[in-house]
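Starting from the given sequences, assemble the full structure and let the hints guide the process.
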Amino acid sequence: MKNKKQNKNALNPTDPFCGFASLRWWLLAVAVVWVLNSILPDLMGPYYFQILILAGINVILAVSLNLVNGFTGQFSMGHAGFMSVGGYISAYITTQLIVSHPEIMNDAILGSAVFVGSLLLGGLGATCTGYLVGLPSLRLRGDYLAIVTLGFGEIIRVVFLNMDAVGGARGLSGIMQFSSFGWVFTLAIFTVFTVWRVVHSAQGRVLLSIREDEIAATAMGVNTTQGKVRAFAMGAFFAGVAGGLFAHYLTIMSPGTFDFNRSFEIIIMVVLGGMGSISGSVVAAVLLTSLKEALRPLQQLTGVDLRMVIYSLVLITMMLARPSGIFGTREIGDIYRDWRAGKAPKDAKKLKASTPSKGGAA
Amino acid sequence: MTPVKNEPVLSIKDVSVFYGIIQGLHNVSFDVQKGEIVTLVGANGAGKSTTLRAISGLVKPKTGQINFKGENIVGVPAHDIVRKGLCQAPEGRGIFLNLSVAENMDLGAWAAPDKGAYQANMDKGFQLFPRLKERRKQLAGTLSGGEQQMLAIARALMSQPEVLLLDEPSLGLAPQIIEKIFEIITDINKSGVTILLVEQNALQALQIAHYGIVFETGMIKTHGKASELLRSDEIRKAYLGD
Ligand SMILES: Nc1ncnc2c1ncn2[C@@H]1O[C@H](COP(=O)(O)OP(=O)(O)OP(=O)(O)O)[C@@H](O)[C@H]1O
Ligand SMILES: [Mg+2]
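Respectively, the protein sequence lines represent chains A and B. The first sequence begins at 67 in the working numbering and counts up by one. The second sequence begins at 7 in the working numbering and counts up by one.
Treat the hints as calculated values from the structure; they're not laboratory data. A quick note: this is a predicted structure, and the numbers were derived from the prediction, not measured. Among these hints, one or two may not hold up.
Stated by the list, open to error - Sample of chain A residues at the chain B side, in silico, Cβ under 7 Å: (1) Glu278; (2) Ile281; (3) Thr284.
As the list claims (entries may be wrong) - Covered by chain A, per the in silico footprint, the following chain B stretches (three or more residues, Cβ under 8 Å): (4) 69 to 83; (5) 114 to 125.
Positions of the beta carbon are idealized from the N, C-alpha and C atoms, including for glycine.
Next up, the structure:
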């Protein structure tokens, strides 16, 4: 009986954070974000606030890439490419509209609605690109995806570089700064929530089976190509949304921002946090974004871009000390449960220890 | 060929498989009658696994037909063949090591035609292998080899196959466990599942099988009733170590 129920909602009932997977808690979190949205900017000062916003965008990128690289076990190296597709589409839409319909864009509510709509269209554009890239390469086993996505990232960059409609090498400027703390973190929460639900669903278990053993998954009746392509397209969607947020935060888009280093940065976040841990991606995204900003003065001082060197060092140290990343495949909920379980036997021991002494006294 | 009782549930006709330029199977033909245990025996590299892979759609034969319940399934994607009622527990067990026992079994039910029978199938699996029930929440990677083999069989049964393909279920197991596994295979067969069993362990396989097919270098060397093969001097010398 119990088992049937377990299968129905497909969420691990022993996970104490399982309750948080219900929509109610996430909506509450979004409400908190919007309250903070009105007080944080003054409280934090622009420097730390900027780090926070970039961290929020990186959370979206890392969690969505983890769906592909961590949970499905397909190594994609082109996340920045999808980010740029989404970024350019949404920025193009809003910059065109600000010229043709300034009255709409300057209206607080209508402008935000257009902005969110443009993010979604950017996400969808990235999804379509994801299908185009993923369908041929995900049919094949092995490392083809890594090579193809690596190539894709470069190609898309060169395409934007030569596309006059979006400013070519100069880039696209004059983008309105719509990406507030509220929007960035609402969408970060939405990303974490969606990926969490997917991973803990029956469909998500299929993705895990592909990662574990593709032939065995096929033998169980899993359409592995379909599963991989879906995960890949979904990852691309969120990358596209993050790109839109990024564009509407920086207010300029230039092709150079989305080079291989950017993709590599996101991969490092996933690996550092733990391939197959959503909590890990969130933590690593925040950590590495802060580290990057902390290193900025050093970079200005030396005039050398030391970030990649330091990233690589972080990665190497990590691989030596803790190869599965900070969290491995575990979530905060698992660690909390183990911590409680670790406490329980101690209490039991105490109880045992106290019983004989009591007996001795009697 | 096998005496014609009724239409065979599985019929392989002139199947050839190539791996690049290497030919793994040469015009292999045989029938599997409904309700029987048919075993494929033979030396390493004889083409036994290749035959199973061809049947379950994991490799595509270059020539020939594979008829399952009267329908040619050559070219049907492997994941759709499972839905037709033909499931393989792959060579090397193919357990999802980082998933729990129960999650492995859940995945086995992914292609089950009747989702309503999920709980009944799960119970049946745990009845056949009580050890798995105790370890249902444990990660499959922490199971012993024998337990993993049990899980591979239980998981395949979750899809309610009419024909179950088993590739060397005794591989790497201790003699007592092998005996147990073979007993369970017989039980599964008695419950109405047709079984195609690939085995190195020819003696034991032929003892539980109805029909035996002996492979050699990608071809069928000989075939016949299992009891007759067991009596044949030639077979005893070549495969049973007499
Ligand atoms: N993926 C592959 N690529 C190339 N050749 C292969 C491949 N798989 C099998 N072969 C070849 O096909 C032939 C038959 O192999 P198969 O795996 O079917 O043998 P088998 O009878 O199952 O042997 P074993 O008892 O050792 O498992 C062998 O010569 C083998 O080398
Ligand atoms: Mg074999």
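Against the structure, the hints come out as follows:
The criterion of a C-beta within 7 Å of any C-beta in chain B is met by Glu278/A, whose closest approach is roughly 4 Å, and the hint holds. Hint status for Ile281/A relative to chain B: holds, with the closest Cβ pair at about 6 Å, below 7 Å. At about 5 Å, the closest approach between the beta carbon of Thr284/A and any beta carbon in chain B falls short of 7 Å, and the interface hint on this residue holds. Proximity of the stretch 69 to 83 of chain B to chain A, defined as three or more residues with a beta carbon under 8 Å from a beta carbon of that chain, is not established by the 1 residues found.
With 5 residues having a beta carbon nearer than 8 Å to a beta carbon of chain A, the stretch 114 to 125 of chain B meets the requirement of three or more and the stated coverage holds.
When each numbered hint is compared with the structure, a violation occurs for hint 4 only.
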